[in-house]
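So the sequence lines, in the order shown, correspond to chains B and G. 1 is the number of the first residue of the first sequence in my numbering; add one for each residue after it. 1 is the number of the first residue of the second sequence in my numbering; add one for each residue after it.
Hints in this document: simulated from the structure, not taken from any laboratory. Keep in mind that a hint or two might mislead.
[Stated by the list, open to error] Which bits of chain G does chain B cover? Going by a derived footprint, with three or more residues having C-beta under 8 Å, they are:
1) 55 to 63
2) 86 to 92
3) 95 to 101
Glycine is no exception: its CB is placed at the ideal position from the N, C-alpha and C atoms.
These are the residues of each chain, in order.
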Amino acid sequence: MSTHAHLDSAVATVMVLDDNDTKRYIVGSWLRRAGHTVVEAADGAEGLALLAGASDADLPELAVVDVRLPDMSGFEVCEQIKADPRTASLPVIHVSASAVEVSDRAQGLHRGADAYLTEPIAPDELLATVTAALRYARARRRAERLARRVAALNSSTLAVYGARDGEAFTAAAAAGAAALMASPAVAISLSPDNRTLLLAAAAAAPPGLSGPTEPLVVPEQPAASVRQADLRVLDLLCETALGDGIGTDMVLLSGEQWKSLVPGDPSGGADVFPGRVGLVLARTKQGRPPVALAVDATTLAGVDDGELLSQLAQACALALEALRSQSEEHALVLTLQRTFLPDRLPQVPGVDMAVRYEPAADHAEIGGDFYEAIQTPDGLLLAIGDVAGHSLQAAMVMGEVRHALRAYAIEGHDPRTLLDRLDALLVRLRPSITVTVCLVLVETGGRRIHVANAGHIPPLLRRTDGSTRYLTEHGPLLGLQLPHPPATPHDVAEGSTILLLTDGLIEVPGEDLDDSMDALSDTLRGAPQELGELCDVLLDTFGKGKTDDIALLAARLL
Amino acid sequence: MPDRALVVTADHSPSGAVVLRLEGVLDHLTAARFRRTVEEIPLRAESPLVLDMSRLSFCDSVGLTELLLAHRRARTASTSVLLVGVSRELGHLLELTGVDRVLTAGEGPVGGPGDGSRPARE
Numbered sequence: 001m002s003t004h005a006h007l008d009s010a011v012a013t014v015m016v017l018d019d020n021d022t023k024r025y026i027v028g029s030w031l032r033r034a035g036h037t038v039v040e041a042a043d044g045a046e047g048l049a050l051l052a053g054a055s056d057a058d059l060p061e062l063a064v065v066d067v068r069l070p071d072m073s074g075f076e077v078c079e080q081i082k083a084d085p086r087t088a089s090l091p092v093i094h095v096s097a098s099a100v101e102v103s104d105r106a107q108g109l110h111r112g113a114d115a116y117l118t119e120p121i122a123p124d125e126l127l128a129t130v131t132a133a134l135r136y137a138r139a140r141r142r143a144e145r146l147a148r149r150v151a152a153l154n155s156s157t158l159a160v161y162g163a164r165d166g167e168a169f170t171a172a173a174a175a176g177a178a179a180l181m182a183s184p185a186v187a188i189s190l191s192p193d194n195r196t197l198l199l200a201a202a203a204a205a206p207p208g209l210s211g212p213t214e215p216l217v218v219p220e221q222p223a224a225s226v227r228q229a230d231l232r233v234l235d236l237l238c239e240t241a242l243g244d245g246i247g248t249d250m251v252l253l254s255g256e257q258w259k260s261l262v263p264g265d266p267s268g269g270a271d272v273f274p275g276r277v278g279l280v281l282a283r284t285k286q287g288r289p290p291v292a293l294a295v296d297a298t299t300l301a302g303v304d305d306g307e308l309l310s311q312l313a314q315a316c317a318l319a320l321e322a323l324r325s326q327s328e329e330h331a332l333v334l335t336l337q338r339t340f341l342p343d344r345l346p347q348v349p350g351v352d353m354a355v356r357y358e359p360a361a362d363h364a365e366i367g368g369d370f371y372e373a374i375q376t377p378d379g380l381l382l383a384i385g386d387v388a389g390h391s392l393q394a395a396m397v398m399g400e401v402r403h404a405l406r407a408y409a410i411e412g413h414d415p416r417t418l419l420d421r422l423d424a425l426l427v428r429l430r431p432s433i434t435v436t437v438c439l440v441l442v443e444t445g446g447r448r449i450h451v452a453n454a455g456h457i458p459p460l461l462r463r464t465d466g467s468t469r470y471l472t473e474h475g476p477l478l479g480l481q482l483p484h485p486p487a488t489p490h491d492v493a494e495g496s497t498i499l500l501l502t503d504g505l506i507e508v509p510g511e512d513l514d515d516s517m518d519a520l521s522d523t524l525r526g527a528p529q530e531l532g533e534l535c536d537v538l539l540d541t542f543g544k545g546k547t548d549d550i551a552l553l554a555a556r557l558l
Numbered sequence: 001m002p003d004r005a006l007v008v009t010a011d012h013s014p015s016g017a018v019v020l021r022l023e024g025v026l027d028h029l030t031a032a033r034f035r036r037t038v039e040e041i042p043l044r045a046e047s048p049l050v051l052d053m054s055r056l057s058f059c060d061s062v063g064l065t066e067l068l069l070a071h072r073r074a075r076t077a078s079t080s081v082l083l084v085g086v087s088r089e090l091g092h093l094l095e096l097t098g099v100d101r102v103l104t105a106g107e108g109p110v111g112g113p114g115d116g117s118r119p120a121r122e
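In isolation and in its complexed conformation, chain B is listed as follows (with noise of 0.2 Å):
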């Protein structure tokens, strides 16, 4: 703090308003012995226009005024200093002659004034009043930087951690410390999934953090592009500071240091920095990648500035460390779905079958669905199915469904029996949930099946003659143990296709099921016959931007 108090009392420009001439020369003497740089003006418009006219580095910190002008009182004139958003915080010290009342007194420092001494004035109760004023405005004004910082440190921080992904992360720190530290900026993560390493730079925000009297509006956010880099620049940086440890740790480097650590690419990349660079390092956890935030090294110069972007390096690696937990949450889910899912369909003579997976994108809408091809003692029993409700839980029931539906298949029960047992057991163990199942039996010798559908979206069937039709004959969902009806027989054709989907691969949102439903029969007629072309065909027709899983379970009697 004794930096501060140094700061806040050393000599300034100071503005003297007075219409005598001798008063202001005498008054700016003093001020000049004192070491302050002194402007003058006679009357009021004169002194508010010098204020206006005045360039940023130019502009008086204190006016001493005087407060009897030929064309305004200098009351006036405070109040229009202080009415002015650039000037508002510039202390205004009255002078007046001896002979006026306390009221007079009073009623300057109501309209703003900051003192007002009345003559004869003692040189040294002139130079300690303005020390004092110019004391009071400068910690003013440094309170007020701070908060708008602390205020743009917020937002940052928001930024950060409303992320979505690795790129959006980068961006939004280089931004956040640009904006932060009114500095070009750089900053320096592995993605979320460890395999990239991403450097984004941001130009230095537009003057307005650190502009004296700028109100307390927090700028957008500039724009910052991302790239890839080599993945040893961050174990290179930490060789400068913060090695293994956790918390937080700032370095200056000189030009040169920072781009032989940090080299450049053809658009220019990281070397965005005229000069020093002020790098910090943050981590959370033991053995985790560190963040890495660079900006221009002569904006640390404040005793607040390395203290905000530590803070901000801080809340980047946190909200790079959720970004890493959830993409994580992500790829466990996605494999315990391919370890509950057969990955290979069994050869069955008669049969040819094609399966299409795709679980949803979002790691939110991870859902419940499954496909099953398994050999019975009643023939081919296929299924598909889906269980209401998303991410881990949907998942593990669906694992269990699936394990169950092969147990009982083969003890050898007929469909409907199956949706009854699966019924049973879901009820009994997972009580508020439902599932939707279609089951399909095929008869050894491929010429008859029968469908069970508990729910779902019934079976679509293309006959050898390319037109199509669903299966509609179902009982209820699943969960509900209400009773299920016998399976539906039909006949088939030899080069019958039959198709078993899940909604994810057709349904919109907003859209009638029975519109999309018919969008689907329409364009099986026309599709290859081959399989694994015509599930291709019907992905990339109707899978294209869907958010939920997709199954997709097609089979050809030959």
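Use these hints to put chain G onto chain B, whose structure you have.
This is chain G only, laid out in the frame that chain B set:
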């Protein structure tokens, strides 16, 4: 209202039935909100719980499950759930999944915001 939200308003019709109006989306994201609202409704025997679905734009399988759970709760209280204002899309979903065998849909005592209506907006 963001397009993936659900708003549930409760009215008490003069006939004694409780009418819950659903507006928005009933899916895995809003299911918990719907369930909480239903759990707060005191159910009286013989006095049906009417669910006005006319302003519901989308319902998924989790939403269906919630409707079924509401039905189960009503049954325990010796009453039932009646769906009114069922859209064509929702009707197809109910038929496809066989839920139409459990939940009755039709014209019912859709009470307007008359005397004693108490919006239970969440």
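* Asked: Taking each numbered hint in turn, which are not upheld by the structure, reported in ascending numerical order?
  -> none
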